[in-house]
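Going line by line, the protein sequences match chains A and B. Under numbering that gives the first Met the number 0, think of the first position of the first sequence as 0, with each following residue one higher. Under numbering that gives the first Met the number 0, think of the first position of the second sequence as 0, with each following residue one higher.
Take the hints with a grain of salt, since some may be wrong.
Straight-line C-alpha distance at most 35 Å; calculated DSBU-like pairs for lysine-lysine [said to hold, decoys possible]:
| # | chain 1 | residue 1 | chain 2 | residue 2 |
| --- | --- | --- | --- | --- |
| 1 | A | LYS278 | A | LYS390 |
| 2 | B | LYS5 | A | LYS256 |
| 3 | A | LYS232 | B | LYS5 |
| 4 | A | LYS278 | A | LYS324 |
| 5 | B | LYS21 | A | LYS406 |
| 6 | A | LYS232 | B | LYS67 |
| 7 | A | LYS10 | A | LYS406 |
| 8 | B | LYS5 | A | LYS333 |
| 9 | B | LYS21 | A | LYS410 |
| 10 | A | LYS10 | A | LYS256 |
| 11 | A | LYS278 | A | LYS410 |
| 12 | B | LYS9 | A | LYS333 |
| 13 | A | LYS333 | A | LYS232 |
| 14 | A | LYS410 | B | LYS67 |
| 15 | B | LYS5 | B | LYS21 |
| 16 | A | LYS324 | B | LYS9 |
| 17 | A | LYS410 | B | LYS5 |
| 18 | A | LYS232 | B | LYS21 |
| 19 | A | LYS10 | A | LYS57 |
| 20 | B | LYS91 | A | LYS410 |
| 21 | A | LYS324 | B | LYS91 |
| 22 | B | LYS9 | A | LYS410 |
| 23 | A | LYS333 | A | LYS90 |
| 24 | B | LYS67 | A | LYS406 |
| 25 | A | LYS333 | B | LYS67 |
| 26 | A | LYS390 | B | LYS5 |
Just so you know, the hints here were simulated from the structure itself, not pulled from any lab data. Owing to the predicted nature of the structure, the values given are computational and were not obtained by experimental measurement.
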Amino acid sequence: MHNYTIAELVKGLQNKEFSSVELTQHFLDRICQLNDDYNAIITITGEQALTAAALADKRLASGDAPAMCGVPILHKDIFCTDSVRTSCGSKMLDSFIPPYNATVVENFARDGAIMLGKTNMDEFAMGSSNETSFYGPVKNPWATDCVPGGSSGGSAAAIAARLAPGATATDTGGSIRQPAALCGISGLKPTYGRVSRWGMIAFASSLDQAGPMARTAEDCAIMLNCMASFDEKDSTSVEQTVPDYTASLGNSVNGVKIGIPKEYFSEGLHPGTELAVRKAMAQLEAQGAELIEISLPSSDLSVPAYYVIAPAEASANLSRFDGVKYGYRCENPKDLQDMYCRSRSEGFGEEVQRRILIGTYCLSAGYYDAYYGKAQKVRQLIQQDFSEAFKSVDLIMGPTCPSPAFKFGAKGDDPVAMYLEDIYTIATNLAGLPGMSVPCGMVENKPVGLQIIGNYFDEARMLNVAHQFQQITDWHHQAPEAM
Amino acid sequence: MTIERKEIEKLATLSRLAIDEKTITDVTGRLSSVLALVDQLQNADTESLQEVSRPFHISQRLRNDEVKETDQRDAFQAIAPQTHNGLFSVPKMIE
Numbered sequence: 000m001h002n003y004t005i006a007e008l009v010k011g012l013q014n015k016e017f018s019s020v021e022l023t024q025h026f027l028d029r030i031c032q033l034n035d036d037y038n039a040i041i042t043i044t045g046e047q048a049l050t051a052a053a054l055a056d057k058r059l060a061s062g063d064a065p066a067m068c069g070v071p072i073l074h075k076d077i078f079c080t081d082s083v084r085t086s087c088g089s090k091m092l093d094s095f096i097p098p099y100n101a102t103v104v105e106n107f108a109r110d111g112a113i114m115l116g117k118t119n120m121d122e123f124a125m126g127s128s129n130e131t132s133f134y135g136p137v138k139n140p141w142a143t144d145c146v147p148g149g150s151s152g153g154s155a156a157a158i159a160a161r162l163a164p165g166a167t168a169t170d171t172g173g174s175i176r177q178p179a180a181l182c183g184i185s186g187l188k189p190t191y192g193r194v195s196r197w198g199m200i201a202f203a204s205s206l207d208q209a210g211p212m213a214r215t216a217e218d219c220a221i222m223l224n225c226m227a228s229f230d231e232k233d234s235t236s237v238e239q240t241v242p243d244y245t246a247s248l249g250n251s252v253n254g255v256k257i258g259i260p261k262e263y264f265s266e267g268l269h270p271g272t273e274l275a276v277r278k279a280m281a282q283l284e285a286q287g288a289e290l291i292e293i294s295l296p297s298s299d300l301s302v303p304a305y306y307v308i309a310p311a312e313a314s315a316n317l318s319r320f321d322g323v324k325y326g327y328r329c330e331n332p333k334d335l336q337d338m339y340c341r342s343r344s345e346g347f348g349e350e351v352q353r354r355i356l357i358g359t360y361c362l363s364a365g366y367y368d369a370y371y372g373k374a375q376k377v378r379q380l381i382q383q384d385f386s387e388a389f390k391s392v393d394l395i396m397g398p399t400c401p402s403p404a405f406k407f408g409a410k411g412d413d414p415v416a417m418y419l420e421d422i423y424t425i426a427t428n429l430a431g432l433p434g435m436s437v438p439c440g441m442v443e444n445k446p447v448g449l450q451i452i453g454n455y456f457d458e459a460r461m462l463n464v465a466h467q468f469q470q471i472t473d474w475h476h477q478a479p480e481a482m
Numbered sequence: 000m001t002i003e004r005k006e007i008e009k010l011a012t013l014s015r016l017a018i019d020e021k022t023i024t025d026v027t028g029r030l031s032s033v034l035a036l037v038d039q040l041q042n043a044d045t046e047s048l049q050e051v052s053r054p055f056h057i058s059q060r061l062r063n064d065e066v067k068e069t070d071q072r073d074a075f076q077a078i079a080p081q082t083h084n085g086l087f088s089v090p091k092m093i094e
């Protein structure tokens, strides 16, 4: 059962081939057996899952079951879950048990999905390798001496290891797409505002966006149908009709114009990754898509702009963790200042503290205009590049990341080397555009991701083209040897 | 641009972080390398551009000033590090 896609599981449950309780127990057994090998899941909610599965079976028997009724999934540990620890991968929130659900969690519960547990992640979503988690690094199921990517590395590794058919994730600079690429699965970061951020622990509020991870584009479409909603509790949620993302999956790619930015195929790209990505695009061309070379001239400014804006917003967002109302408090504080400073330094890991310091620097008197103001202007340049490109193309494609999964510790001493891991994904966050990654090849026995960037709210077209690509390839069906 | 040790100490105070002596040199070096990266922004011609604080043109939605949330005081007090008679308790501020 663990090799079925979500679409197949929905069918199997509706046709009574297996019950949700059987299915949920099957995944829980796999998690118990294999999670120690990958460290993909922080908290397992077995009892709660089986209770929900029994309820789902009743709804399925009544014939009035919602779209994902009885399908087990995992939630990234950044989404607040009522009465279940939500750690955000940090010692700061190691004992935090929220009294409410994030809207995304509510939406899945409404549609009958079963929560199996909460996935490991880089601390406060700050990282591209999952090495910054308080709970230890996640291992890539394709090569356990390599990183799974980050920050949603736990979600990606769990799906690759068949511990769940789908998982929620978040993407601030590439945190859905990069781990999806490194773990050989599909992942979609929707348009900013498409999915509610309410109850999702904030990192950089103008960049954060939640999205689905699964093995196939079709499964991502099923999950996005459930996740996307207007939410009056999130002031940046966009009040726009949510289409049925599965309805257009079968459309032909004939005539679809695909832009290939020359800047995404320059120095630093692994030759094997380039070959796999170019071959994938040629396969779409053979199906009738038109490939057009384009330019995104401000691409090289994306990473510097991001590493001003994201830490600046993070330094403000993370000021709420002060040891007063929730989260970690240091032992025996001698006064209030001591309590603030030690609670934060003992509760936050090294990378989080580094980003708070950078953000504080960029926002401090005398530096605001030179850094934060400048980066916000550069953001407009990046947006202009994309809007110019989308005048002549429907989608943009290129590699998701510069190379396949790297070894643990390979970039540990140099934060800038780690930051460059997101060189192709960051621009879409700065522009608020949707982006996705689908598996398109193997290099050194490790997966490669093809990135698909769409125009605002054009997720249906991205999913359609990704699905069509998966009809003519089988990279999404390949599994690590141990599976 | 390199960042001075004294500046790190000031940033740590502003950020309410207690960075110990042992890590301060390391942090100084690493922050300097990140600042060298973000300094690339200075080459961009942004003379005619406005600052963009939102990813794209969406207007800020406002709501009526009505109480909608229910009282969850007990639920939130239950997860606090320390409470006293229904209040959040902190170390003494004034002698």
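Here is what the structure says about each hint:
As the CA atoms of LYS278/A and LYS390/A are separated by approximately 25 Å, the hinted pair is consistent with the 35 Å bound. Annotation: proposed proximity of LYS5/B to LYS256/A is violated, straight-line Cα distance about 54 Å (limit 35 Å). The suggested pairing of LYS232/A with LYS5/B is violated, with an alpha-carbon distance near 42 Å, which exceeds 35 Å. Of the pairs offered as hints, the one joining LYS278/A and LYS324/A is violated, with about 53 Å between alpha carbons and a cut-off of 35 Å exceeded.
For the proposed pair LYS21/B and LYS406/A, the alpha carbon gap of about 28 Å is at most 35 Å, so the pair holds. Simply put, LYS232/A and LYS67/B have alpha-carbon atoms about 11 Å apart, close enough for the 35 Å limit, and the pair holds. Under the criterion of a C-alpha separation no larger than 35 Å, the hint pairing LYS10/A with LYS406/A is inconsistent with the structure, at around 39 Å. Under the criterion of a C-alpha separation no larger than 35 Å, the hint pairing LYS5/B with LYS333/A is consistent with the structure, at around 25 Å.
At most 35 Å may separate the alpha-carbon atoms for a hinted pair to count; LYS21/B and LYS410/A meet this at roughly 22 Å. For a cut-off of 35 Å, the pair hint linking LYS10/A to LYS256/A stands: about 34 Å separates their Cα positions. A C-alpha spacing of about 29 Å is found between LYS278/A and LYS410/A, which places the hinted pair at or below 35 Å, so the restraint holds. About 21 Å separates the Cα atoms of LYS9/B and LYS333/A, which keeps this hinted pair within 35 Å; it holds.
Proximity of LYS333/A to LYS232/A is assessed by CA-CA distance (about 38 Å); at most 35 Å being required, the pair is judged violated. Proposed proximity of LYS410/A and LYS67/B is contradicted: the alpha carbons are some 48 Å apart, above 35 Å. For the hint linking LYS5/B to LYS21/B, the alpha-carbon distance of about 15 Å falls within 35 Å, and the restraint holds. At most 35 Å may separate the alpha-carbon atoms for a hinted pair to count; LYS324/A and LYS9/B meet this at roughly 26 Å.
A hinted pair counts as satisfied when its Cα atoms are at most 35 Å apart, and LYS410/A with LYS5/B qualifies at roughly 28 Å. Taking the CA atoms of LYS232/A and LYS21/B, the gap is about 44 Å. The hint is violated against a cut of 35 Å. With a C-alpha separation of about 16 Å, the suggested pair LYS10/A and LYS57/A falls inside the 35 Å cut-off, and the hint holds. The suggested pairing of LYS91/B with LYS410/A is violated, with an alpha-carbon distance near 44 Å, which exceeds 35 Å.
At roughly 16 Å between alpha-carbon atoms, LYS324/A and LYS91/B fall within 35 Å of each other, so this suggested pair holds. At most 35 Å may separate the alpha-carbon atoms for a hinted pair to count; LYS9/B and LYS410/A meet this at roughly 28 Å. This hinted pair checks out: LYS333/A and LYS90/A have alpha carbons roughly 21 Å apart, not beyond 35 Å. Only pairs whose Cα atoms come within 35 Å are accepted, and LYS67/B paired with LYS406/A is rejected, the gap being roughly 50 Å.
As the CA atoms of LYS333/A and LYS67/B are separated by approximately 39 Å, the hinted pair breaks the 35 Å bound. Only pairs whose Cα atoms come within 35 Å are accepted, and LYS390/A paired with LYS5/B is rejected, the gap being roughly 50 Å.
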